[in-house]
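Residue numbers (my numbering), protein chains in the order written: chain A, 1 to 499; chain B, 1 to 332.
Just so you know, the hints here were simulated from the structure itself, not pulled from any lab data.
Wrong hints could be hidden among the right ones.
[As the list claims (entries may be wrong)] Here are some chain A residues pointing at chain B (derived, C-beta under 7 angstroms):
| id | residue |
| --- | --- |
| 1 | PRO27 |
| 2 | GLN87 |
| 3 | PHE89 |
| 4 | LEU107 |
[As the list claims (entries may be wrong)] Below, a list of computed lysine to any residue pairs in the SDA-like style, where the Cα atoms sit at most 25 angstroms apart:
| id | chain 1 | residue 1 | chain 2 | residue 2 |
| --- | --- | --- | --- | --- |
| 5 | A | LYS93 | A | SER24 |
| 6 | A | LYS102 | B | SER298 |
| 7 | B | LYS239 | A | GLU131 |
| 8 | B | LYS331 | A | ALA339 |
| 9 | B | LYS163 | A | LEU120 |
| 10 | A | LYS408 | A | LEU352 |
| 11 | A | LYS103 | B | GLY165 |
| 12 | A | LYS67 | A | GLU4 |
| 13 | A | LYS254 | B | PRO303 |
| 14 | A | LYS67 | A | PRO27 |
| 15 | B | LYS331 | A | ASN20 |
| 16 | A | LYS93 | B | ARG312 |
| 17 | B | LYS331 | A | GLU337 |
| 18 | A | LYS453 | A | SER252 |
| 19 | B | LYS331 | A | ILE341 |
| 20 | A | LYS326 | B | SER298 |
| 21 | A | LYS254 | B | LYS163 |
| 22 | A | LYS195 | A | SER24 |
| 23 | A | LYS103 | B | GLU330 |
| 24 | A | LYS371 | A | TRP428 |
| 25 | A | LYS465 | B | LYS331 |
| 26 | B | LYS163 | A | LEU61 |
| 27 | A | LYS465 | A | LYS326 |
| 28 | B | LYS163 | A | LEU106 |
| 29 | A | LYS180 | A | SER24 |
| 30 | A | LYS266 | A | MET315 |
| 31 | A | LYS67 | A | PRO26 |
| 32 | B | LYS239 | A | ASN109 |
Since the structure is predicted, the reported quantities are computational estimates derived from the model, not experimental observations.
Yeah, the Cβ is synthetic: ideal placement off N, Cα and C, and Gly gets one too.
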Amino acid sequence: MRVELRGITKCFGSLRANDNISLSVPPSTIEGVLGENGAGKSTLMKILSGFYSPDSGDILLDGKKVKIDAPADAIRQGIGMLHQDPQDFPPLKVIDDFILGKKGGLLPNRKNAARDFRELSSRFDFSIDPETYVDSLTVGERQQLEILRLLWLGARILILDEPTTGISLPQKEKLFATLKKLASEGMTILFVSHKLEDVEALCSRATVLRQGKLIGSMEPPFDTRVLVEMMFGKEVPQEPKTQLQVGTTVLSVKHIDLDGIRIQIKGVNLQVRAGEVIGLAGMEGSGQTLFLSACAGLSQPVGGSFCLDEEEKEMTGRTYHEFRKKGVAYLPAARLEQALIPGLSLTEHFILSEGMRGFFIDRKKSEELAKSRISLFNIKGKPESTVESLSGGNQQRALLALMRDPLKLILVEHPTRGLDIESTIYIWGKLKERCARGTAIVFISSDLDEILKYSDRVLVFFAGKVTPPLDANTLSVERLGRLIGGKDWDTLGTEAAHA
Amino acid sequence: MNNSALVTSIAGVLAAAAPILFAVIGETISERAGVLNLSMNGMILLSAMGSFAVALATGSVVLGFLMGAAIGALVSLIVAFASLTLLQSQVAVGFVLALLCRDLSYFLGNPIMGKVGPRISQVPIPGLERIPILGTILFRQDVMTYFSFILIVAAWFFVFRTKPGLTLRGVGERPTAAYIRGANVNRLRYLYAAIGGAIAGLAGPIYSLSIKAGWKGTISGLDGIGWIVLSITIFGGWKPFRAAFGAYLFAFLQWLGLVLQPSLPSVPSQVLQVAPFPLMILTLLFVNIGNAEWVDRSLARLPENVRRDIARVLRAMNATPPAALGAPFEKE
Chain A
1 MRVELRGITK CFGSLRANDN ISLSVPPSTI EGVLGENGAG KSTLMKILSG FYSPDSGDIL
61 LDGKKVKIDA PADAIRQGIG MLHQDPQDFP PLKVIDDFIL GKKGGLLPNR KNAARDFREL
121 SSRFDFSIDP ETYVDSLTVG ERQQLEILRL LWLGARILIL DEPTTGISLP QKEKLFATLK
181 KLASEGMTIL FVSHKLEDVE ALCSRATVLR QGKLIGSMEP PFDTRVLVEM MFGKEVPQEP
241 KTQLQVGTTV LSVKHIDLDG IRIQIKGVNL QVRAGEVIGL AGMEGSGQTL FLSACAGLSQ
301 PVGGSFCLDE EEKEMTGRTY HEFRKKGVAY LPAARLEQAL IPGLSLTEHF ILSEGMRGFF
361 IDRKKSEELA KSRISLFNIK GKPESTVESL SGGNQQRALL ALMRDPLKLI LVEHPTRGLD
421 IESTIYIWGK LKERCARGTA IVFISSDLDE ILKYSDRVLV FFAGKVTPPL DANTLSVERL
481 GRLIGGKDWD TLGTEAAHA
Chain B
1 MNNSALVTSI AGVLAAAAPI LFAVIGETIS ERAGVLNLSM NGMILLSAMG SFAVALATGS
61 VVLGFLMGAA IGALVSLIVA FASLTLLQSQ VAVGFVLALL CRDLSYFLGN PIMGKVGPRI
121 SQVPIPGLER IPILGTILFR QDVMTYFSFI LIVAAWFFVF RTKPGLTLRG VGERPTAAYI
181 RGANVNRLRY LYAAIGGAIA GLAGPIYSLS IKAGWKGTIS GLDGIGWIVL SITIFGGWKP
241 FRAAFGAYLF AFLQWLGLVL QPSLPSVPSQ VLQVAPFPLM ILTLLFVNIG NAEWVDRSLA
301 RLPENVRRDI ARVLRAMNAT PPAALGAPFE KE
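Only chain B is shown next, with the shape it has when bound in the complex (with noise of 0.2 angstroms):
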């Protein structure tokens, strides 16, 4: 592979991470704030669909990426609504939508299956686009991927940085200590779910009216992607960037995958085209592995310096959940 057949592959896992990354960062948020939505598979088709039909009906891209977010808002009020005020299990529930939001795009969007409609182009920024390589990289992209660039940033400063960041970690950690300090728990969570839930369902419109613009049904190839988004979610340790290393690391296996697959042409298709997920899986345990006894009780026996080197890679490894994620909020 030449030079830069290799530079235009790294713009295109950019690209193919963008959407990954929104509903990264969206649940992410949503779960900073101790909601956990599970229904995200379903909610990333539900919003591909429907952006792709309002963009279809309207002409205009913009009103298909409100339908996604409006799309991703409402879903996520409903797990909310269900957990937080009917005190329901919120995995019951997201797991419920997920299934539910996946059949009704299906089947809601027969009509327009397999029709061409508006989709975003790559926007060259001026000047930059000049810069050999990155400029190829970085700035020959469509808008959504700039703005997944930012939203990595802007997220990240929003939860480690700002006043409010850091009521919203509260609320996660420890709702009562948040609620003794003068947040009003529902109401902010309430608030993250939605903020969250629209982040994420931008999503679907990347790709329907971007990445793999149209809408095609079950052949679409969107359906799996909500599940590994969630567990990308883990893998990043509920902090911006590493979620990002895990959306870059997800969309880069896909294309090796891809890359594969005429020099390996004895291993049939599907187990280069499934392999990213179970190897998602295995980093993720990789990851989580300091969290098990048996590793503490094989750690003991080795030598203690290089035990204590291990130990210290894996606790910074490590990396612990909101500890209220899932739970209701009551007053004792």
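Just chain A, same shape as in the assembly (with noise of 0.2 angstroms):
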């Protein structure tokens, strides 16, 4: 089916969202649009699917203008829609959210749903099983049931919002080769993303958003430097890797076992030493934030322990609030809800960190502070922001500013998930200029290039299973990839990097 856009226009307040945007996509083709955080291609989906009303604007579908005023319309001309977080229902069995939704009959026929699931999981090769929670399910597994359960549905038209961030790379191969068979049977497919490497690999053509404004498109081969022009105005500059200058063992880790919901990890040895960075790769769900988190104290190990500081501050069995006193710092993936509150503005946010002394708050001082650090992390907001007004790297650099300074050792889960090119270089450069100054950091992630790019060294999870730190300059993306899907495990023994 034929999707077009016609001027389609949507502010919110006096931000204009969507302006004037004209965009028309033909069946079998997958359309990446592309655009940096906050350049309107959420918005823009979420008016085709219904979510959002445009201000004006039309919608035409195979020619025909069709009125889109609810989710439910949309879902009757055929269109699905996948969000960036799925929008699924994790109490509930995977065969239930499947039929959640589906209309017709007051009794669900289970049996006859069950079977339509499994005939199209066996279509794409997925392998989920109806009988689970979803909330057991990975990110990458929930886009699958997503996906099966729009095409259940009738979707002709597809449209999937970033949906590389937070699912591993054998996942990304499966959801690709997905898409490309769909659109190969004639679906219009509306991919959406600020990853230039994704749209490359998989697009029939892209089309790139800039502030609300559509800039242009282009058909391939793609030129990524056209590209990120489109996107960014300008060029982003890359910052070369430096040279690793290690210090002295700021954290070492021995033998420890743990025992999460759904995943054990047994005997896991690391010595993290000052000034090295090192990445925590694997499949979403394979023990790197369960592992994490126990350096932190955020959760007990079974077994073993965790010492800081050349082994003279044994730290097991103590909670963060201890680990925070000896200069620990813990930044979640979940920003707004784990790591900052919702409804307090930066510079409350400032005094709350600071922990300024007396009773009574000294505004103008708090105010002071808060402006200086705006602009010292190059923050897009005011004193009096809100958090959960500024986009997610805005949120993700407020969260650096309120770290303490100096600081042993910084753990991380995803430090720049769902951040934009300019966000992620900025992201990284505050977090190299700390361990140039003997910060160790340890982060999650499950995009395979940042861990190659700023680890100096690379733990692998499979499935609860740990390999012993690796030398990332010697460690190549097929070898990482085949080791995070579980492959090569058997070869680790002898080249382990010096522990």
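Two independent chains are provided; combine them into the complex using the hints.
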């Protein structure tokens, strides 16, 4: 089905999220919609899927004007959207989640639904058990579930909003294969992303949005330099990798055994030295988060021990509060839910994190502090802006600005998830600045390039197994990808980097 | 105590639990949709008074029960309107309504205080009532107690086995996702708040037209029931069968208080009367103890095999509320 958007405009207050956008996508096409965060991609897609109503403009399907006022209308027209954050129901069983929203009948026909689910799964080579619970799936599997569900509802136009953030490499490959197959069967696909390499690998055309306006389109072969220029209006400089200057040990992990709800890890050994960066790679849910949170006292090990500072301070069984006092900081992936306090302004965050003395708040002083940090960390926002009003990239900058100085060890989950290239480079610039002053960093990422580019050593997690630390300089993307997918593990014993 | 007295007592506990059951199931349905109706305590009093007044005036218990359901639905719709349309706090509105409805029922009920009016009586089911023991326990009850048995199964079936029930769970869990799948979130919330309110509103007439027939104002002994209903809803983990267990447990504890009274003359009677309330709260604490971090920490010190078993039991007992309970739905 041909999708046409004509003169779509949508404002939120004074912000023009979409400014007179016109776009036409023929069937059997995978259209890449590129742009940095806040460019208006998601808004445009949410208009097409009925989540928002446009202020002006029309939507045409196969040349016919259609009225889409609510998601229910879009579903009826065969438009299905996979949201960036999978819109499913974690406490439900997969099969119930699959059925929820399907029209017709008082009683669900579980048997038929399960049969259809299995048929669809096998068509795309997915393996999800319909009787498990949604919250036990990885982000990638939840996407697969959503795609199957949308197909089952009869979607002929599929919108995917940033589907490659938060899924592993094998899952990404599977997703791309699925999309190509669907497009070859006549599906119209809109693929929203800020990742150039994904769009280049997958799409039959790329359209770029910037600040709510449509900048232009490009067909393959794609010229990365031109696309970057279209996205940012300028070329973004890439920083070269600096030579590692390691110092004394800041954290030693000895024979740590961990026991999570769904995963067990046994016997991890690691020495983290001042100034180095350690990347934790693996499919989502392979144990990285469990391990990282244990390094900060946020979850307790079943066996083994943690020591800070050349084995002087035994920290096993201590709380995060005590780790924090010793100079450890933890940045969770859920920035707004776990790291910041929605409803409080930037100034108020700085007041809280600085722990200013006295009973009364020194308005003037705290405002000055906020102003200086905002300019120092290049945050797009005012001292009185609430944190939830900031974009993801600016929230992450604010988190960096809130961290105490100096620190011994920074533990980060997905430091650049959902961020655009510019913010990514900025965030890593700030993190590396800290390294140069002797802070060690341990981070989780599902982005292989990020792992290889910024780490000095890498630990790969697979189903609770952990590799010895591997030297990032000699590790190739292919090999890392194979390890993440559970291959080549038998060859590891001999070539572990000096731990 | 001999056998037949025990059997009669069990039958009595089942009947005494019926109004609590209606209220708990009604609240469970409303909360499943995301609407927290804190006005329960006042609502039960007002519907007890109102339904007795109607039954007294018309001589019809059926109209009385309808009045009870109508009052329940109306009060719930006020909470729903204030929270869903006016975006006010469900807790604040519900709490104020709880107080308002209580005082209103005392004030408006003055003219009918102590009067004798119609009531429903036991309707033994022919044949079945003659089954030894079970017949007395289950089949020599009044109509509403029979309905209370059916209600448990019907509510469970609706919530966990039907499509609308599935959508109901989705709306209370993740309204945005439900909206994306085509559900009209606020309309459904109004609907289930009204249905839940109507079911809970039947608790009032079950008291005033059956168990504690008549209206006795402040000495009706109904004040406080609504609050325990709210805690049994949590105890029940928003699941009908577990909620029913909670209702029966509470009714049993109340009965126990009455029975123990004569054999413990040294204990003031007030102690045994209020004992079920703190006991219920203790049970609640015990049920949800698995959520606490200190429990995790102390469990970490136990040997692995023991710890795993305890953790499994705690996790099974643990109940999580509908994630969007009390939160208004807005599109980002």
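We went through each hint and held it up to the structure:
Restraint check, A/PRO27 versus chain B: the minimum CB separation of about 24 angstroms is more than 7 angstroms; hint violated. Look at A/GLN87: its Cβ gets to within about 4 angstroms of chain B, closer than 7 angstroms, so that hint holds up. With 7 angstroms as the threshold, the beta carbon of A/PHE89 comes within range of chain B, its nearest partner Cβ sitting at about 5 angstroms, so the hint holds. Proximity of A/LEU107 to chain B holds as hinted, the smallest CB-CB distance being about 6 angstroms (cut-off 7 angstroms).
Between A/LYS93 and A/SER24 the CA atoms are separated by roughly 38 angstroms; this puts the pair beyond 25 angstroms, and the hint is violated. Restraint check for A/LYS102 and B/SER298: the C-alpha separation of about 46 angstroms exceeds 25 angstroms, so the hint is violated. Taking the CA atoms of B/LYS239 and A/GLU131, the gap is about 20 angstroms. The hint holds against a cut of 25 angstroms. Straight-line distance between C-alpha atoms of B/LYS331 and A/ALA339 comes to about 23 angstroms, which keeps the hinted pair within the 25 angstroms bound.
Note on B/LYS163 and A/LEU120: the hinted pairing holds, with a Cα-Cα distance of about 21 angstroms set against a maximum of 25 angstroms. Our distance criterion of 25 angstroms between C-alpha atoms is met by A/LYS408 and A/LEU352, whose separation comes to about 21 angstroms. A C-alpha spacing of about 13 angstroms is found between A/LYS103 and B/GLY165, which places the hinted pair at or below 25 angstroms, so the restraint holds. A distance of roughly 13 angstroms separates the Cα atoms of A/LYS67 and A/GLU4; the hinted pair therefore holds under the 25 angstroms criterion.
For the proposed pair A/LYS254 and B/PRO303, the alpha carbon gap of about 20 angstroms is at most 25 angstroms, so the pair holds. Distance restraint check for A/LYS67 and A/PRO27: the Cα-Cα separation of roughly 20 angstroms lies within the 25 angstroms cut-off, and the hinted pair is therefore satisfied. A threshold of 25 angstroms between alpha carbons decides the hint, and for B/LYS331 with A/ASN20 the separation of about 22 angstroms falls inside it, so the pair holds. Of the supplied pair hints, the one linking A/LYS93 and B/ARG312 holds, its CA atoms being roughly 19 angstroms apart against a limit of 25 angstroms.
Taken as a hint, the B/LYS331 and A/GLU337 pair is honoured in the structure, with Cα atoms around 18 angstroms apart against an allowance of 25 angstroms. Distance hint between A/LYS453 and A/SER252 is fulfilled; the C-alpha atoms sit about 24 angstroms from each other, no more than 25 angstroms. At most 25 angstroms may separate the alpha-carbon atoms for a hinted pair to count; B/LYS331 and A/ILE341 meet this at roughly 20 angstroms. With a C-alpha separation of about 24 angstroms, the suggested pair A/LYS326 and B/SER298 falls inside the 25 angstroms cut-off, and the hint holds.
Between A/LYS254 and B/LYS163, the direct Cα distance comes to roughly 52 angstroms. Violation of the 25 angstroms bound is thereby established for this hinted pair. As the CA atoms of A/LYS195 and A/SER24 are separated by approximately 22 angstroms, the hinted pair is consistent with the 25 angstroms bound. Annotation: proposed proximity of A/LYS103 to B/GLU330 holds, straight-line Cα distance about 24 angstroms (limit 25 angstroms). Restraint check: the Cα-Cα separation between A/LYS371 and A/TRP428 comes to about 22 angstroms, which is no more than 25 angstroms; the hinted pair holds.
Note on A/LYS465 and B/LYS331: the hinted pairing is violated, with a Cα-Cα distance of about 41 angstroms set against a maximum of 25 angstroms. For the proposed pair B/LYS163 and A/LEU61, the alpha carbon gap of about 30 angstroms is over 25 angstroms, so the pair is violated. A hinted pair counts as satisfied when its Cα atoms are at most 25 angstroms apart, and A/LYS465 with A/LYS326 does not qualify at roughly 29 angstroms. Straight-line distance between C-alpha atoms of B/LYS163 and A/LEU106 comes to about 6 angstroms, which keeps the hinted pair within the 25 angstroms bound.
Taking the CA atoms of A/LYS180 and A/SER24, the gap is about 19 angstroms. The hint holds against a cut of 25 angstroms. A distance of roughly 19 angstroms separates the Cα atoms of A/LYS266 and A/MET315; the hinted pair therefore holds under the 25 angstroms criterion. Of the supplied pair hints, the one linking A/LYS67 and A/PRO26 holds, its CA atoms being roughly 20 angstroms apart against a limit of 25 angstroms. Only pairs whose Cα atoms come within 25 angstroms are accepted, and B/LYS239 paired with A/ASN109 is accepted, the gap being roughly 22 angstroms.
Hint violations for this structure: numbers 1, 5, 6, 21, 25, 26 and 27, all remaining hints satisfied.
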